[in-house]
Structures are given as C-alpha cells and as structure tokens.
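Undergrad: Just so you know, the sequences run in chain order L and D. According to my numbering, the residues represented by the first sequence are 1346 to 1537, in order. According to my numbering, the residues represented by the second sequence are 1346 to 1537, in order.
Treat each hint with caution, since some may be false.
Which copy? The list can't say, so a pair holds if one copy fits it or any two copies do.
[Stated by the list, open to error] Restricting the straight-line Cα-Cα distance to at most 25 Å, the calculated cross-link-like pairs of lysine to any residue (SDA-like) are:
(1) Lys-1531 to Arg-1458
(2) Lys-1525 to Asp-1363
(3) Lys-1427 to Lys-1449
(4) Lys-1427 to His-1480
(5) Lys-1457 to Thr-1358
It is worth saying that the hints were derived from the structure and are not from the lab.
There are 2 protein chains.
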Amino acid sequence: MKELEDRIRRDGTVKPGDVLKVDAFLNHQCDVTLFNDMGAEWARIFAGKKIDKILTIEASGIGIACIAAQHFGNVPVVFAKKSQSINLDGDQYSAKVYSYTKQKEFPVIVSKRFLTEGEHVLLIDDFLANGKAMHGLIDICNEAGVVIEGIGIAIEKGFQRGGKELREAGYNVASLAIVKAMDGDKGTIEFA
Amino acid sequence: MKELEDRIRRDGTVKPGDVLKVDAFLNHQCDVTLFNDMGAEWARIFAGKKIDKILTIEASGIGIACIAAQHFGNVPVVFAKKSQSINLDGDQYSAKVYSYTKQKEFPVIVSKRFLTEGEHVLLIDDFLANGKAMHGLIDICNEAGVVIEGIGIAIEKGFQRGGKELREAGYNVASLAIVKAMDGDKGTIEFA
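Construct the complete structure from the given sequences, taking the supplied hints into account.
TA: Printed below as a string of structure tokens:
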C-alpha cells in the first residue's frame, strides 16, 4: 500500500537493532485517516470472505482494528488482553507470548464468551516480525474453534520469519507494507 | 445518552465491589456502531470547541478515541502508554497512577513529541471512577502546556468522587452515562 510505505519513509525512523519507530502515526499517535485507508484496503483484499469478528491484541492493534471494522459491516472487535484484571473473570483462553519490544513474556487472554465455535475471524495487528504475538492469537483461535479467514498486518518486517512461516502454514496474510531491508546506521528502508 | 444506558442495562453486569462489567461491548469486545454514536454525541456536546488532538490512555480508551476522532475532523489520537518500551525513547511526560482494576501503580507516559504547547486537546476515556487515570493525563497536559477543552467519558461512576472533583476544578466533563447507584448483590443499576 503506497500510502503507508510513503508515510513510513516520511515519518518513520529506523533505529539500530532492527527497530522501526512509527509512533508518529501508528502506535502512539494515531492517524485515523490513514487507519481508514488501511481498513478500506483490507476490505478490498478480503472481499467475499465471511468475517464475523475482528480479533486483535492490545494496545496498538485496537485503533486500527476498530476503524477497520467499519469497512467490514461494523463487525465486533475483540482485543486480547496482556494482563489479568479483576474485570476479566470466568473462563478464558490464554497463550504465552514473548515480546521483543517489551523484553518480557506476557499472557494473551481472551474471554471465552467472545469467541464462539464456528465464527469467522479476521486477525489484525500493527506489526508482524517474528510472529510471536500472532501465534498467540492463532493458538487461542484454534482452541476456540473459530475459522481464521485472514491476517491483516500494517507493517511486516519481511526480513524476519513471522510472515513466511504464517504463509507456509496456509494463512492468508495481507501486510500493507513489507519491509525488505532496513539500515539503522544509515536510517534507510527498503520495501518488498 | 440513552443508547449507552440501555446497552449497559442489557449487556452490563454489576458485581460486588462496585465492579461494572461492560466487556461485552466497551472494553474487551468493542461495538464500533455504539462507539460511532458515542463519538457523534461528544461532537454535539463539544461543538464549537477547537479540538486539535484527542488524548486517551491504553488500552480501552483507544478504540473509542479513534472512532470519536472521525467526528472531530479526523484529528490525531495520542494514547498514553502504561509501560516502558524500547519503542519509547527520548523525552517523555510521565505521571504515576494507581489502578483499582489492576490493583497496582502504573506509569502514564506520553512522548513529548506528540503534545505541543498551545494545542487544544480533548481527553477521552472509557471509565471515570475515582479519576486517578484522568488526573494523570491532566498532569501531563499541564506539563506540556496544552489547553484541555473537555473530557469525554463513556461511563462515569457518579457515586465515586472523580467526576465531581473534575467539575469543581472547572473541567467540562461529558459523561455519556452516569451511574448513580448500583447493587452488586441484586445486580441492579440506576442512572443519574
């Protein structure tokens, strides 16, 4: 998606350690006009698929998923939680995920009430790198018996293995920008 | 806002300990049609105010704020973070907040790049109870020198002191549903 690639080039920052900072428009400050265009693009890509629900993960996925849902007939958005809360009770699906950016393991939790066997689900997240968080969501989907219709990603780090593994496993992964290479010292970025 | 009150009555659950669970439509599963109507209502209430930016706090505020932003000319949404990340670097505004639902203290962090002195900001959050999280956002706004044009809340627990204190301090607080009383044993709820 050219608009997203252009925006990453303009407002993104490449840092040493394969860090791509896009907090100016994606995951700290949010450009809702861009989110709308991303939602429209996923709706185009997944046109004809039955999507009953969008599943994402807190925190950065939520805004993107909520605006995307407007392009899928206002389906409900469920966001997986990363910590226990007294607001989370009853039966839960849970998976463990290691976060590179937070540098710790965290749980991914979804209440069983919000995933129903046989539902068709679109998974959405802001980043796909090694795929750990997405595999956590997929584990939960499998446990719940829902059908994963596709995976919508804003930015895929194509030089890490997450996207490749998911596609090889048969998932329909739609990454709107795939970073092929980036150089933290020079601050350059190249898209697939 | 009648639609939100009706929805709380229908799909919310009152639990002992003054816990109001609205995870079926507000803060775990998200009803984006309802969010849209909430955004339209805040736009009506804050009509004529200059709003340059919406500031909220992860995680539950994000979806509500992003959809609300569409009713304020697609202004940027900034969400305060509750933990450090390697994606957060450089100068930050930071405040400390105690969360009753998480039962621990957490930081509220906003990068200095995303609040500019003189900007007019609308604060949005899903809940207002004792007001701790909102005071954290306000502290950050004051430090940044932005103008707080108003505070949009989905559900205010009117029997706790947060809303009262904020109004007495002169803030324009627009809570779309104000719970006057609730009974965790009977499961009943009464709106102001």
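Undergrad: The structure should be examined with respect to each hint, and the outcome stated for every one.
TA: Each hint, compared with the structure:
no.	hint	in the structure
1	Lys-1531 to Arg-1458	between (48 Å within a copy, 22 Å between copies)
2	Lys-1525 to Asp-1363	within (11 Å within a copy, 51 Å between copies)
3	Lys-1427 to Lys-1449	both (11 Å within a copy, 15 Å between copies)
4	Lys-1427 to His-1480	both (14 Å within a copy, 24 Å between copies)
5	Lys-1457 to Thr-1358	between (39 Å within a copy, 16 Å between copies)
Violated hints are absent here; each numbered hint is respected by the structure.
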